[in-house]
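Protein chains in written order, with the numbering used here: chain A, 1 to 332; chain B, 1 to 387; chain C, 1 to 510.
The set of hints was computed from the structure by calculation and includes no laboratory data. Idealized CB from N, CA, C, for every residue including glycine. Do not take every clue at face value.
Simulated restraints, written as ranges between beta carbons of each label pair [said to hold, decoys possible]:
1. R155(A) with V291(C): 50 to 56 Å
2. A290(A) with W226(C): 31 to 37 Å
3. I378(C) with V237(A): 52 to 58 Å
Straight-line distance between alpha carbons at most 27 Å, and here's what the computed DSS-like set of lysine-lysine pairs gives [to be verified]:
4. K71(C) with K190(B)
5. K171(B) with K191(B)
6. K171(B) with K71(C)
7. K238(A) with K219(A)
8. K425(C) with K127(B)
9. K136(B) with K425(C)
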Amino acid sequence: MSNPSTPDPGPAPGAAVAADAQGMTVVARTQAQMVRRRFFRHRAAMGGLVVLALIVLLAFSSIGFASVPGWWDKDYWSIATVENGGRPTLSVLPTWLGGSGMHLGEHPFGQDNVGKDYFALTMRGVQQSLTIAFVVGLVGTFIGTLVGATAGYFRGRTEAVLMRFTDVMITIPLLVIAAVLGRRYGSSGIVVLGLVIGLVTWTGLARLVRGEFLSLREKEFVEAARAAGTSARRIIVKHMLPNIVGVIIVAATLAIATAILLEAALSFLGFGVQDPDTSLGKLISNYQTAFSTRPWLFWFPGVFIIAIALSVNFIGDGLRDAFDPRQNRVRD
Amino acid sequence: MTTPGMPIGAPLPGPGASGGPDQPAVTESAAEVHVATKLEETAGPGEKEVLRVEDLTVSFPTDDGLVRAVRGVSYAVHEREVLGIVGESGSGKSVSSMAVMGLLPKSARIAGKILYRGDDLLTKSAKQQRALRGRKIAMIFQDPMTALNPVYSIGDQLAEAVLSHEIMPRKQAMARAEEMLGIVGIPQPKKRLDNYPHEFSGGMRQRAMIAMAVINNPDVIIADEPTTALDVTVQAQILETLVQVKDEVNAAIVLITHDLGVVAGMAHRVLVMYAGKPVEIAETDRIFYQPRMPYTAGLLGSIPALESGGAGSRLRPIVGTPPSLINLPKGCPFSPRCPLATDVCHESEPALAATDELGHVAACHHWDKLADVDDPTVYFRTESEAV
Amino acid sequence: MLVFIVRRVIVSFFILLAATFVMYLLTANAGNPLGDLQESRAPNREALIEARIRLLNLDTPAPLRYFIWLKGAAGCLVPFAMECDLGQNLQGQDVTALLGVALPQTLQLVIAATVLAMVLGITVGIVTALRQYSSLDYTVTFSAFLFFSLPIFWVAVLLKEYGAIRFNDWLADPSVPIGVAVVLGVISGLFWMIVISGDRTRRLTTFAAAFVASAGALWLLSETRWFEDPGLGIIVIAVTAVGIAFLTTALVAGFTYRNVLYAALASAGIGIVCHFALASVLDDPSGLTIVGLALVTVAVGLGLGYGLGGLQRRQAMQAAVLTGLGTGALLFLDRLLGAWDTYSDQVGGRVIATIGARTPNFDGTFWEQGLDRATHLILPTIAIVLISFATYTRYTRSSMLEVLNQDYVRTARSKGLAERGVIVKHAFRNAMIPITTLMAFDFAGVLSGAVITENVFGWTGLGRLFADSLRAVDPNPVMGFFLIAGTAAVLFNMLADIAYAFLDPRIRLS
Ligand SMILES: Nc1ncnc2c1ncn2[C@@H]1O[C@H](COP(=O)(O)OP(=O)(O)OP(=O)(O)O)[C@@H](O)[C@H]1O
Ligand code: SF4
Ligand SMILES: [Mg+2]
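Can you make the complete structure from the sequences, with help from the hints?
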């Protein structure tokens, strides 16, 4: 699960970039502004952001969440009679193009074999998958940063212990350890599942952050802060972490993309979300054999997984370019 | 030197050294004299021109706009001559020499002429350009620490320079490499051939780079700040090596630097660049003692060695930064920083024009003000607080 | 260097040890190994439970149980002196035996696919880096992102449906209607247009040429009923072999000095001649014969290069060997396809398989068996390649771009080195350094990747063993799987470090 590339830290944020080294520009822009500008110019990333936002909006507004009701009138658990072989009623082709007009119909994504509304079911799957991925991303990033920063800052024995531990954890393939944990915690609800998976997905980031910290701690401003007697915690949080937010944000984004697919894989193998709950991976897994007869049961959740993973990957790519534009430019 | 095809002769005296007095007279109608004509006249008699750059412009389209890195550079280099190109960081020195080498990125827009012995390189095919590159025109780069490929041995990389232009058994190429290492002053060259770059010190790497540049007996060596990345004691040795090697292979050198001190001891003539333009061209002595462009005078101010002249006052660096190459100010590009600037400077950009001396051209409306004072750097002085 | 390797081995060993401990505890807690028995209504329930407790040492606490397991596993370190005992599964079968059956299947599945993904991914990555911001670059970038956003099992289901079931249906009466040929021709035209790029006229001619060639070829193949009994034919082989000779020459030496090309062409020629000379040997060879022939090919190539290489001996030898192997591969493929006819009859026309590694009880010539394997491998291979290929492309691209920005690449150009040398010798060699790490990581993770692939495609390899056992809360096979996967991970990480040191002289010496 290694990222395709390792971003380098940009110069210290907040420092005004007056007339860059080559004397090309005299416009002073802060690092944050430049990053934002580059990100917003990244077309794929913006596309990803929009698509992801739409999906999130759709999933949470349609069937609602927790006790908040949504605008869609069906739920994902009621069993009903299967109408018209469970075919989707969604139509997007306008009448003047020979279609039956744009409408959602009774069951836009069709019904499953016991007549549950597949649109509601898919939306539920999106909610669950997103939640798990998000929790995994957060937990993994938090632990990875914590471990990496501690090891990189304190060096010595702390570093040795933490990094050896990381080495050990990295030896266990992610899918394997996640499957073993999923077998145990899959039935405890998605948040718990997300938490435990997050507990094992931090290793790559920990190495990354440690590497950055090792070089950062030699910099003057850190030396200065240390000389001034600033506490270690303060130096790490106030002086060093802000310098590698780029690395962390990019890693976190890509971790979420990985987690979406990991959850799907686990659910597919039967080690993820358990009945009666559902997720996108589980839906695909449940209906893979129905492909030749009722392909929509397979297509809809698949398309959503891909759309989410693709958007998040694009956002991650945009962030990486924004934080480290050097990487993608060829000089000669 | 046993390799056939590598002519060795007693080094001839540099052209600039004897050039001045013999030159034909030139009318000094102050206005615009065509620069190229002007340059031709600065050449010593009988010296053949090897490289001539005419009105070279280079610009890069970027997200922020068109970066006009080089705006009309012209110069000529003659056999065995050393031409210094001086200017602040970002003044377009590297870009213009990369243009000569044909090494600019594809995005670069290049116009003008680059004539190698009369042939325009810009109209040649990529293949023809490549055949000259490294063989007739070679280049030495600023940072020897990164200019050599870390995964190949020094001998490999030197031999490759030979093999790129001539197919011969590897052994023979290696023998040539060894010989060249010896010439640039690396002890035990045979053993050193198998070393990797990281086993060489910075100075040694730069020597290896010099060896690589001259291994094919080029006519022109472009040395882009060859000593900037080295420490002071090594700098002198490297420059010395460069001069010695140049005599050995009879090449002309274009020596690029932002340090006038480096140029002082070596160059016959100097071209000063500012914001992508040549602003003054003259023989080295003239540049040092009678600059006719305030920017040059300002640069002189940053050479500690000359400072002793002005007792009781201190030299200061030129204030301010060079202009943006995307939105150039109206008028003289130096006007925002120039102590001599007047209204006309802010209005119209001065062209390169003749000054009070033959072959000395400068782009300044008020060059005569510099001619009026004994020490032109006086405009860049402040009264010292001490003494 | 030796010290470095020894130290690395020792560290790796302890890391693996610790990892097995962690894994053991997690596995022990993954579920209740007695669950199924406790719910069962068998009359001898208590006895069964008792038996299982004894079988799995469940009366010992997990951390201590680990040491029992470790003691047995330690035997695997010294292959002949001690017995390798990884415990039994719930049915009482030895785990070592289960692994012995499953491992070869998994290796068969993943090795070819992973190598293919690497080669393809790295090649495409380099090309896109060299053509940054071209339409090819954008297309590949988008595809790469799409591919690594795909759940592999989802792809697998699609592949089974379209690559096997419907494809086999079509094979029953393989004809390409004109309409389909035209559509495929357009797709091929667009593809080549993007790959070739250039100005408008060049794009349009490329499109037209590719369209005519592809649509025409399809139509011709369909008319001549080629799909019923496919093969390459000696003309296609000869032309392709010459093409390979030119390609390898272009890659290793360029054409300024002809000797390299001559060596490569000679190599291709000899290959073609052998096609006829060895016809009887190749009718039903053994695997060993094939390996022997490959070795002979290499030797002949080396000899040709040495003899004909002249001043560029080294390059000539490389080109001749590569061309020889390429030609050999073509001939091999031709022979495989030659068995298509009889094979198809034997499997009732269902040529592309969706499940398993072999057709059960299948027997035939070397080529028929080879084809049987190939048709079982093809879908899972596509699935794996599709997804890991993307990572390689992206990684290679960014690594190449980074290297192309380096000063030494500029230096290489400044000495007048041809662009081929700049890319192959200077840029690629350096770009490979970080990619090696990725390759090792990938190989290390290959076994866990097999978990999903095997489950989708019904292969009974290690991944399947792992998933089934984990589902049944059967700890010993799970640990057996991890022992192999973990060892592979540790081993390949170690190899990565060593390869790194080997590729980068700066590390080599320190
Ligand atoms: N590929 C490029 N794209 C855009 N701008 C460029 C590019 N290459 C160079 N420039 C710009 O061209 C200008 C001239 O650069 P150049 O490298 O020639 O300066 P220089 O005189 O060699 O300075 P230094 O002393 O720092 O080497 C700079 O402002 C630089 O930012
Ligand atoms: S033209 Fe004016 S501003 Fe420019 S250098 Fe001369 S005096 Fe200064
Ligand atoms: Mg420069």
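These are the hints, each one checked on the structure:
Evaluation of the 50 to 56 Å hint for R155(A) and V291(C) yields a pass: the beta carbon distance comes to about 52 Å. Taking the beta carbon of each, A290(A) and W226(C) are about 36 Å apart, inside 31 to 37 Å as hinted. Under the hint 52 to 58 Å, the C-beta atoms of I378(C) and V237(A), about 54 Å apart, fit the expected range. Our distance criterion of 27 Å between C-alpha atoms is broken by K71(C) and K190(B), whose separation comes to about 57 Å.
For the suggested pair K171(B) and K191(B), the alpha carbons sit about 15 Å apart, so the restraint of at most 27 Å is met. Distance restraint check for K171(B) and K71(C): the Cα-Cα separation of roughly 59 Å exceeds the 27 Å cut-off, and the hinted pair is therefore not satisfied. About 14 Å separates the Cα atoms of K238(A) and K219(A), which keeps this hinted pair within 27 Å; it holds. A distance of roughly 19 Å separates the Cα atoms of K425(C) and K127(B); the hinted pair therefore holds under the 27 Å criterion.
In summary, the hint linking K136(B) to K425(C) is supported, as the alpha carbons are separated by about 23 Å, within the 27 Å threshold.
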